[in-house]
Amino acid sequence: MSARVGVVRFLGTNCDRDLWQAAEGAGLKPEWLWYEDNFEPMDYAALLIPGGFSYGDYLRCGALAARTPVMKSVRKAAQQGVPILGICNGFQVLCEAELLPGALLPNQSGRFVDAWVELKLENSKDSWASGRPGSSVYLPVAHGDGRYHINEEGLKAIEDRGQIWWRYSKNPNGSVADIAGVSDPSGKVVGLMPHPERAVAEWMGGQDGLQFFKEIS
Amino acid sequence: MDKKLAHYRLSEAEYDKICELLGRPPRGLEWALFSALWSEHCSYKSSRRHLKKFYSQSQRVLESFGENAGVIDLGEGERLAFKMESHNHPSYIEPYQGAATGVGGILRDIFTMGARPIALADFLCFGEPNKGPMNHLVDGVVRGISGYGNCVGVPTVTGQTEFHPSYQGNILVNAMAVGLFSPGDPVVTSKAQGPGNVVVYVGAKTGRDGVHGASMASESFAEDSASKRPTVQIGDPFYEKLLIESCLEVIGKGLVVAIQDMGAAGLTSSSFEMAAKGAVGLRLFLDRVPLRDSSITPEEILLSESQERMLLIATPDNLPDLKEVFWRWGLEAEVIGEVTEGKEVELFWGLEKLVSIDPLLLTENAPNYDRPYEVWRDKNRLGSPAEVVAQVQELGQAHMARPSEGANSVLAELEALLASVEGCSRQWIYQQYDQRVGARTMVDASGPVAALRLADSERALGVTLGLRPYLMRFDARQGAMDAVAFPALELAAKGFQPLAMTDCLNFGNPEKPEIMGEFVASIEAMSEICKELDVPVISGNVSFYNETQGVNITSTPTTGLVGLRKNLRGIPKDSFVNSGDQIYLLHSPMLLCTGQWGEMKGSGRVAQGHGEIHPGQVSELLKILLKLSHHSEVTATRMVGKMGLAYSLARMAVERPDGELGAQVSLEPLGSEIRKAYGTEQTSELISSSLLFHETLYQVLLTTSEQVGPEIMMQEFAELLNACGLSLESSNLKLVHLGQVQAERMIISDQSLLLEAKVGELKKLWQEGWRKHFATMA
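Protein sequence lines, in the order shown, are assigned to chains A and B.
The opening residue of the first sequence carries number 137 in the numbering used here; numbering runs sequentially from there.
The opening residue of the second sequence carries number 8 in the numbering used here; numbering runs sequentially from there.
This is chain A alone, in the form it adopts within the complex (with noise of 0.2 angstroms):
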């Protein structure tokens, strides 16, 4: 039986029917979450935040949607340790919730961009992407607010707790030490800046999206 994932929806989202296409082709059944529900996390083998402007945008990238019904549901599902993705919009939702540490800012070029960048594996995660550290995969990117932050402190602790998932090669925004996506402490939660549901297929420039879903079951 395939493994049911929740693909949680908030006004303005845009990659959900994206990410619900590439669960699906990963032999996955998504179900959507509504912004205003209430789920039971146990229901699902893993939670999936998709890419795209919620809310517009408006006031901080996933500010809005971190504060909406459904957060509380995600909240418990971390707790209870589901894994749950966050991708780009996703990965601000989650930091905006601080169910994952740090920020993400506007690019360091003020505009947004659109490209393919390659990713270098820092630490595997057991729910996630499980190649071995320093493997690389090649994902597109499209951000206007892809630039990770976190102090000095902060990433220090994230360091030195293995929290660190992903890190450009040639960073496109200019996050701090190059990452690209990061895990909460128990590697359950993460979140990435790519799109690995938009390289899902040889016809769309590559595959390397595929193993993001192929962990869940």
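Keep in mind that the hints are not guaranteed to be accurate.
No farther apart than 27 angstroms at their CA atoms in a straight line, the calculated lysine-lysine pairs in the DSS-like style are these [as the list claims (entries may be wrong)]: (1) B:Lys770 x A:Lys306; (2) B:Lys779 x A:Lys306; (3) A:Lys306 x B:Lys771.
Where chain A lies over chain B, by a calculated footprint (3+ residues, C-beta under 8 angstroms) [stated by the list, open to error]: (4) 156-169; (5) 205-218; (6) 439-448.
Partner residues aside, some chain B positions facing chain A, computed with beta carbon under 7 angstroms [unchecked claim]: (7) Ser153; (8) Gly337; (9) Arg460; (10) Leu575.
FYI, nobody ran anything at the bench for these hints, they're computed from the structure.
Built from N, CA and C at the ideal position, the CB exists for glycine as well.
Keeping the supplied structure of chain A fixed, place chain B upon it in accordance with the hints.
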């Protein structure tokens, strides 16, 4: 009275006509209604009679002019809606909001019909970099498109950006949107129906922004364009995203009788057009329109162009469900009126009837001018091909870039073209657009043709824009024909059968016979070739009065074409693929001209040429290209475009994302082909240097795997021609072997070496050109 006419931008003759239609002088709100709906922007009063000439009938066309966008049948259950529109004047006044709301407006035309928007494309024309406000305009327009398109989650997949002094005081911002109906999705129209049905207002509240916007867009700019800033609308892409999802949901659930967005002239045009199309009456209560500010007058409510607003007709039974869907998306749906038995649109404020008028007086009876126009005559023609070659030679000797030490002038010239604002990479623009949201993008804006996957049928959709302004300046008839032929051939070169077209006809002041002459010649030329290629025009937009202080823009009838490819695999690349691949040139000469290079070198003189585009010959080339682009051994294809053969070869080298592949090319066989074709007696050397930068319409570069050497290829080509009912001898089509792809270096020779370059260096110039021209921008 003169003052009143000026305020409402109506002429005396128009006033007389209004009096005649009403049987009395207009009063109260009628002034505002006639002003808006009889504006050039809403009524197409200078263009209507000519637009009828467009080839628009084809079996695959389901909806055409008259609806928000045209719709074509893709077979296999899928249908496609697309349209292009201008937002030129607002973008000059306030570039960020002007461009953003241009994107928002064209998207509403698409999802209003029930299609999910899947792609955006932009055609931009700017003046000279670093001059006046131009850098600010470039920056603002690109940010505006990026800010809106990215947020609503529709990828911008292709575009074209041109620079020329004629756009200095009047930039062009044309946006195209493409929407997909999956199998089973309904198509809805804007035809109001069913007396007793309710009129529902959904979306943003009405404010004062954009009041008189439609009539502003129908005027030339004077010096005080900045004072028109209050008539520019402000966009809210988040709201638009909510409208997209909620409208598609209510349409999909069958809760909607008719729907129309409130675009130019806002509530006025949407309500009157819906009533006129359905031949029904409407009773609207303006006091029920949701307002941002209670002091707004009824006239302002009618004319406001506040963004992200829709007008729907629904049955009273469906109203609760309709409201529930919108409420779930955070939107309120307000009933503001009803459909009536009568023929009149009645506007009320509470119990007070403000106006009652037959909508046909404002729509069908709008003025339809036959503006005087100059009859078309060929322009800028030279007596023979030899004269074109001689002129290229002359321009080259006088103006070719000075070589640095150890190089030659041909190389220096190619380097200058790659770094020029006309020829450098547009990557700075496209990387600010989300090109992949929606997860359909197969080929992004880095190539001339964007490709999108159609998931339901596993086929590919091609989207590309057309029009080369320098060819319009050369000869508007040829330029307009090329605006169809070139993108159609670009599609065919990637294996896409061209299906249909939209256009955005940007011209100067139609009251000037020479401008009107170019307009009429353009439409006739486009229609002629559209018919020959069976590419119906399904939607479009006219933008007149692109004139600032007496200076008219280059007539710029931009086009957007879509094509269909039966499979996803094997789309030929745009750049070199493997070292060793064979390089061929498919050569089908019709029009020989000094081209964009000739204009750049000509010190203000436009390109000169000989010959003309023959639709029949374009059609032959298109058929052959469709076959070649599906050939399993063909690895890359590229239309030879602006600035000629050397520049196109260089682009095939510099566009390769990784590794460095160049080419070893000999022009000798091509030179002899040209001498034969044009009957010129020029020496080979003379021909060769001119071959590098002038333009022959049309030529296509293609590469094949190494084992398909000239002998095999010629044999296959002959068979292909036969299969299309042509022969090597009788056809004007020639295939010439030019050389092979090789690592690192680009070498072009004739009997002697003409050019040798390192691909890495060319690439650097091409990539860094933009930054050099726009050094002041971050």
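List in ascending order the numbers of the hints, as given earlier, that are violated by the structure. Per hint list: single violation, 5.
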